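**Q** Residues per chain are reported as follows:
There are 2 protein chains.
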Amino acid sequence: MDKLIGACLVAQSGGPTAVINASAYGVIRTALDDDTITHVYGAAHGIRGVLDDILYDLDLEDEHELRLLLNTPSASLGSCRYKLKDYTEDDTDYRRIMEVFKKHDIRYFFYIGGNDSMDTCNKISKFLQKEQYLCRVIGVPKTIDNDLYGTDHCPGFASAAKYVITSCMEMRRDCNVYDYYSAVIVEVMGRHAGWLAGAAGVATATGDGPDLVYLPETDFDMDQFLDDVKRIMDERGDCMVVVSEGIHDKNGKFISEYGAPDAATDSFGHKQLGGVASTLVSYVKQKWGVKKIRGVELSLLQRCSSHFASATDINESFAAGRAAVKAAVNGMTDKMMAFHRLTDVYGDYACEVIPQDLSLAANTEKKVPREWINEAGNGVTQEFVEYVLPLIQGTPNLPLENGLPRFAKLKRIVAK
Amino acid sequence: MDKLIGACLVAQSGGPTAVINASAYGVIRTALDDDTITHVYGAAHGIRGVLDDILYDLDLEDEHELRLLLNTPSASLGSCRYKLKDYTEDDTDYRRIMEVFKKHDIRYFFYIGGNDSMDTCNKISKFLQKEQYLCRVIGVPKTIDNDLYGTDHCPGFASAAKYVITSCMEMRRDCNVYDYYSAVIVEVMGRHAGWLAGAAGVATATGDGPDLVYLPETDFDMDQFLDDVKRIMDERGDCMVVVSEGIHDKNGKFISEYGAPDAATDSFGHKQLGGVASTLVSYVKQKWGVKKIRGVELSLLQRCSSHFASATDINESFAAGRAAVKAAVNGMTDKMMAFHRLTDVYGDYACEVIPQDLSLAANTEKKVPREWINEAGNGVTQEFVEYVLPLIQGTPNLPLENGLPRFAKLKRIVAK
Chain A
10 MDKLIGACLV
20 AQSGGPTAVI
30 NASAYGVIRT
40 ALDDDTITHV
50 YGAAHGIRGV
60 LDDILYDLDL
70 EDEHELRLLL
80 NTPSASLGSC
90 RYKLKDYTED
100 DTDYRRIMEV
110 FKKHDIRYFF
120 YIGGNDSMDT
130 CNKISKFLQK
140 EQYLCRVIGV
150 PKTIDNDLYG
160 TDHCPGFASA
170 AKYVITSCME
180 MRRDCNVYDY
190 YSAVIVEVMG
200 RHAGWLAGAA
210 GVATATGDGP
220 DLVYLPETDF
230 DMDQFLDDVK
240 RIMDERGDCM
250 VVVSEGIHDK
260 NGKFISEYGA
270 PDAATDSFGH
280 KQLGGVASTL
290 VSYVKQKWGV
300 KKIRGVELSL
310 LQRCSSHFAS
320 ATDINESFAA
330 GRAAVKAAVN
340 GMTDKMMAFH
350 RLTDVYGDYA
360 CEVIPQDLSL
370 AANTEKKVPR
380 EWINEAGNGV
390 TQEFVEYVLP
400 LIQGTPNLPL
410 ENGLPRFAKL
420 KRIVAK
Chain B
10 MDKLIGACLV
20 AQSGGPTAVI
30 NASAYGVIRT
40 ALDDDTITHV
50 YGAAHGIRGV
60 LDDILYDLDL
70 EDEHELRLLL
80 NTPSASLGSC
90 RYKLKDYTED
100 DTDYRRIMEV
110 FKKHDIRYFF
120 YIGGNDSMDT
130 CNKISKFLQK
140 EQYLCRVIGV
150 PKTIDNDLYG
160 TDHCPGFASA
170 AKYVITSCME
180 MRRDCNVYDY
190 YSAVIVEVMG
200 RHAGWLAGAA
210 GVATATGDGP
220 DLVYLPETDF
230 DMDQFLDDVK
240 RIMDERGDCM
250 VVVSEGIHDK
260 NGKFISEYGA
270 PDAATDSFGH
280 KQLGGVASTL
290 VSYVKQKWGV
300 KKIRGVELSL
310 LQRCSSHFAS
320 ATDINESFAA
330 GRAAVKAAVN
340 GMTDKMMAFH
350 RLTDVYGDYA
360 CEVIPQDLSL
370 AANTEKKVPR
380 EWINEAGNGV
390 TQEFVEYVLP
400 LIQGTPNLPL
410 ENGLPRFAKL
420 KRIVAK
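Protein sequences, first through last, are from chains A and B.
Whatever position you read off the first sequence (first residue = 1), add 9 for the working numbering.
Whatever position you read off the second sequence (first residue = 1), add 9 for the working numbering.
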């Protein structure tokens, strides 16, 4: 294998997570320490920063601040949601990317992101190959949705799952505190895959979790749901429900598009729409007259809360970034770093980083297996719980200042 | 002082907090260890449990589980929102309470709660005195709102404040991650007092906090707000706002009652109402055309999230419960335990527990001083930040099981 000497570029893309910076640090630290890599750059706002030639010179950052990336949420280099066209139709962006790569002698490109970002990474990789511009391209996965194909799980999922589980445990204690009927309906991210909502089943296994969990992998039936809630309320006086934002009925219509049964309509006869939690709250209120019921949207925090992240997730995210650089320096290209679940010699959970074809990861979506959801479609199985549990282990060694998290403060000096 | 031998009853009331159980444990542990106290009971759901004669026998609980109350959120004995009538008008409830007290020989009564609970506690204390039933009654304060009079701060406030601050720090990193205009508006609890929303100013002081903070202590002006947001967006490309749920205009109308400018109206011409965050989101969208803007309601989690509570708050809450028992055993009655802020010999923060008259605490509300809010009414001063900072210090030593918080599991055996 030929030794490829040149600069390295890392970029982040898509929705932030608690650990996308840990992956970036895995890339940056390993690249800075490698002799074949001449310089380390970070693109501002993913591929947008490449197109605009705004690359941060990461050689100029303090090591101490870089290290804080391990516990800093969101994407410190900035992110984007820019979609590249097919280069067989329009290669303008690709030519510009290659031009900027040439200018800075970029020979290693690491793109950290989810489905769409792996697609971007794949297209760039294929274009550069076609143009015979020597550059090793590796994708590093990231998504709280956990829906990337070809990997046991995705960096970012476990920390988001731990946030959902812990929040459910805490809210469960709050929900049943009064001496009258009360309920809470929690809305969790996940448009097509229910991994994150399903993780709430781990809270149930501790004794402090939702009674009912609904995933987009099964069809949601409003009448069945209302009966489920009534049964639980009668049994225990309170009820906690977790739903994926993407739950839909058997005709494929999103429940969030139902609108409240009593919602006002605008002059065109359209109902005002809220989120799925507030829609379900309205239905329960109307059907059963429950007054003490709340909808809670976990919103941004489920993807950016880092102070109680999974240490396993942080370690694995760093390892994925590190393995990407090691593999590229050793000649690999056109791959995504994936996780393979192992059992170690003690019978405990272990995980190794393995390469997968970029094109495979880019175009397939992984959903929760139907057999990991109970028959009634209102909860998850013990197998699901056992899949999640090892991933959320470990409390991060959180750097603090004045009792609060100390996040990385990068200089972000733009390279000339 | 006469030694009063008899049983002790502890009860919890009002909205849960992260540390109301720590106060309960302060009472329970100290009472169990005291020779003059013959038995320790906990009322189910506050004063409701007394009226229904549902008292848990806390002598039968495992010490290990009781100790876990230090890190268990919400009210493990159950809470209530029951309001006692004035006994000069109707003393039915009071006679029933005295009857149950007599039955179990309750001679010490500790009521943990906020404004309304101190009122309940005060009325019971005065009634029992009038009836010459010997019982020492002490209130232990609790409220995330921090609006109790006669105490430097309230148990529960600091942990909720730390949750708000940390969440704002994390969301700030998420809010400015993309390369286009984006904004987030965070709604924090506090109907009349802005302590909790104002605490978000501590996040701003770290460099990762809201640009704008609005409290109910000043009048909110929609035009001024929209101008503030525009100015910040133009300056930095993104904007983070924190508001108390209770903000109102100069006529006293709640902003949450404005409704969205484009909201559909029902057949009576009434606008559909959301929370204050969603109302403000609608106004910003309509006025400035900002598309990437989110409203986030911290909802239940701000009052029940315990995994990153303030260790100072936990210690002080325990100390307040403990001091209540010690004082009562030594002859004190008809008081609320309050905090007095001190500077220790090293010039650092310290705090002592002092008794305050129950009647005083019961009927006065403490608001944020106007001079702790900036002139424009869109942020807090350094003085406010310095008030909050010492209270949120310390990371709790969180008992874990399978990587997740291990909450107390009480047997709650009802006394005969």
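I should point out that these hints are in silico values taken from the structure, not numbers from a laboratory.
Values in this document were obtained by computation on a predicted structure and should not be read as measured data.
Just so you know, not all the hints are guaranteed correct.
Derived contacts from chain B toward chain A, CB cut-off under 8 Å, selection only [unchecked claim]:
| no. | residue |
| --- | --- |
| 1 | Leu-41 |
| 2 | Ser-88 |
| 3 | Asp-188 |
| 4 | Tyr-190 |
By construction, the Cβ of each residue, glycine as well, lies at the ideal position given by its N, Cα and C atoms.
**Q** Could you run down the list of hints and mark each one as holding or not?
**A** Checked hints:
no.: 1; hint: Leu-41; result: violated (23 Å)
no.: 2; hint: Ser-88; result: holds (5 Å)
no.: 3; hint: Asp-188; result: holds (4 Å)
no.: 4; hint: Tyr-190; result: violated (13 Å)
Comparing the model with each earlier hint shows violations of hints 1, 4; every other hint is respected.
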